[in-house]
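> For reference, the chains in residue letters:
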Amino acid sequence: MGNTLDHKCPSCNAVLKFNPHGQNWVCEYCKNKYTIEQLEEYEKKSNKVLEKEPEVKKSDIDVYICPNCGAQIITDPSVSATSCVYCKNTAILKDKLQGEFNPNYVIPFKKTKEDAIDAFKKLGKGKPLMPRAFSKKENINEMSGIYIPFWLYDYNSDGVVEAHCNRITSWSSGNYRYTKTDTFLVTRGGNMSFEKIPVDGSKRFQNDIMNSIEPFDYNDMKEFNYSYLSGFLSEKYDITKEEAQEDAINRAKESFKEQMKKDIIGYNSTTIVKDNINLVNTNSSYVLLPVWMLNIKYKDKIYTFAMNGQTGKLIGDIPIDNKKAILIFIITFAICFLIAFVFMYISRGQI
Amino acid sequence: MRRLKILFIFALLFIGIRSFNALDTEQKVHDYAFLLTSEEEEKLNELAHEFVDEYNMDIVMVTIKNRDLSLSTKEYAQDFYDYNKFGIGNTHDGLILVIDMSSDRYFKISTTGEAIRIYDDDRIDSILDDIEDQIDKDYDAYYKFFETFINSSSKYAKMGVPSSNENLYIDKYGDPHYRKQFPWVGITIFSLIISIIVIVVLYLKNKMVRKATSADVYLIKSTINITNRLDRFLTTHTTSVRINDASSSSGHVGGSSVSRGSSGISHGGGGRRM
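The listed protein sequences correspond, in order, to chains X and U.
Each residue of the first sequence is one higher than the one before, counting from 1 in the working numbering.
Each residue of the second sequence is one higher than the one before, counting from 1 in the working numbering.
Everything labelled a hint here was simulated from the structure, so no lab data went into it.
Glycine included, C-beta positions come from ideal geometry on N, C-alpha and C.
Be aware that a few hints might be false.
As the list claims (entries may be wrong) - Chain U is faced by these chain X residues, among others (derived, beta-carbon under 7 Å): (1) L129; (2) T183; (3) F184; (4) P215; (5) F337; (6) A340; (7) F341.
Claimed, not checked - Using 30 Å as the maximum straight-line C-alpha spacing, the simulated DSS-like pairs for lysine-lysine come out as follows: (8) K207/U / K313/X; (9) K8/X / K44/X; (10) K122/X / K205/U; (11) K205/U / K127/X; (12) K301/X / K211/U.
Could you put the whole structure together from the sequences, leaning on the hints where they help?
The following block contains the structure:
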């Protein structure tokens with residue numbers, strides 16, 4: 001059986017959870033507050049599990065003992081922090097975050113569960129096609145704050161892009177209008193660097209959803225410490241650094257082409273026909289990024305929403321209220337028709 | 001005496017058409033080619049006045065023998081009508097028939113103002129047909145030509161504005177304008193397009209999940225370094241499209257061909273060789 005870990009309050013030994021708003025740890029019982037430095041010091045002193053390397057081999061052990069109530073916790077092999085179904089206590093499955101699974105950095109949660117609920121309730125703002133009842137709090141079937149494993153890649157890129165560009169001139173002479181199209185072969189070469197392109201390292205989360213909550217502000221990135229995980233769930237990667245890299249490479253290449261295209265000026269149209277871009281991976285790191293996942297149940301269908309736990313950006317596909325869509329269509333049509341009618345009527349009256 | 005008269009007309013024509021203004025506009029028949037007897041002239045004048053009273057449009061008949069060759073029969077008809085200030089009302093409504101007996105024999109109808117609306121090209125053709133039939137019947141019965149002209153013109157004046165010119169109207173300067181059909185279809189299509197755009201934009205607002213394709217956010221702008229720029233000419237090709245000549249002073253408005261005379265007034269009408 002693996003080791004589980006959570007944080008006890010140094011004063012009263014109650015469970016200590018991370019507080020996203022204060023970026024510190026607050027004991028719910030004795031109201032004492034601790035910083036990361038204080039906790040590290042305390043843990044060193046108490047010489048707890050943290051210090052000794054567990055002899056457990058990397059395995060697919062899925063059963064853990066809750067350190068709080070002694071119940072057995074059963075989890076997926078990819079889960080690295082979970083909560084006990086009996087006492088709701090956080091259990092950080094420490095051995096899952098060790099060795100190659102030890103994250104380099106973590107961005108701590110800044111948004112609380114309440115922030116996520118509030119954001120969900122305000123979802124309908126500026127989205128008139130959303131069914132009114134969709135963003136009700138009661139529809140939140142399940143929600144959890146999860147540290148999702150991401151790979152961050154740095155690249156140096158250099159390459160050449162070839163494009164066919166058209167320059168169009170036109171003039172009239174006599175009764176004819178002439179249009180002349182000159183085609184050029186345009187080449188641009190250069191280099192540029194990319195820093196920390198994130199790719200989701202967990203198969204459980206859809207890549208496009210994870211793309212959509214970007215970007216994270218890397219300025220808040222901290223050296224990894226287990227303490228940040230308390231109160232939240234966490235996953236370990238199950239897509240390796242090499243496998244995940246492809247997405248980052250494609251994105252970097254696309255941006256490289258865009259930058260080159262931006263440098264091609266003075267033409268009416270530009271089509272890239274050939275490119276040869278080399279990327280050198282200068283650095284990559286394994287980080288845990290904070291995400292609130294929300295499962296919304298609406299009319300017997302489940303909708304997945306995700307909120308960037310740092311910036312509060314909430315995304316997900318919202319269903320369309322067909323009745324509202326038809327109504328808005330008809331109203332827009334009627335207004336346009338009326339305006340166009342009045343405009344035409346007045347302009348004809350002036351002849 | 002007769003010779004003197006011819007000389008006088010000759011002189012008049014040579015001095016310039018623009019000095020017509022001494023004419024009496026109550027006199028609707030001007031027989032400079034001496035094709036009519038004075039009784040016929042008087043009879044036609046009476047018929048003309050009846051026409052004027054009935055339809056509130058002027059009707060003028062002119063015969064000429066020698067024409068200033070710098071002017072066509074059509075231009076002569078227009079100038080004769082304009083400079084002698086024929087026509088009823090501000091828009092000089094009315095029509096004129098000129099029988100030109102100079103070396104090229106023509107007869108020509110010119111319409112002005114409201115008459116442009118009433119006499120569309122089809123009706124002008126029909127009137128010319130009627131006169132031509134009369135010419136075929138008896139080449140020298142000039143009185144009959146004019147009588148046919150008045151009768152035929154009356155027939156159409158009684159019928160009012162033809163469907164081809166329903167949307168034509170004459171502005172205060174006597175210029176015809178075509179009032180286009182109210183663009184119901186255009187308005188509908190315009191409104192449909194706008195509504196579809198609005199719905200699509202709103203729909204996309206609800207679809208927030210999108211795969212990222214670029215890494216612009218992670219690009220360190222200061223490291224962009226373009227080392228190689230080359231633009232090479234490959235090919236060229238030129239296409240040409242004919243433009244419609246819109247600058248001409250004659251054109252087609254509604255069902256009538258319209259041109260502008262030297263006086264600046266718009267005229268419709270048509271003519272044929274005799």
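> I'd like to know which numbered hints this structure contradicts. Please list them from smallest to largest.
Failing hints: none at all.
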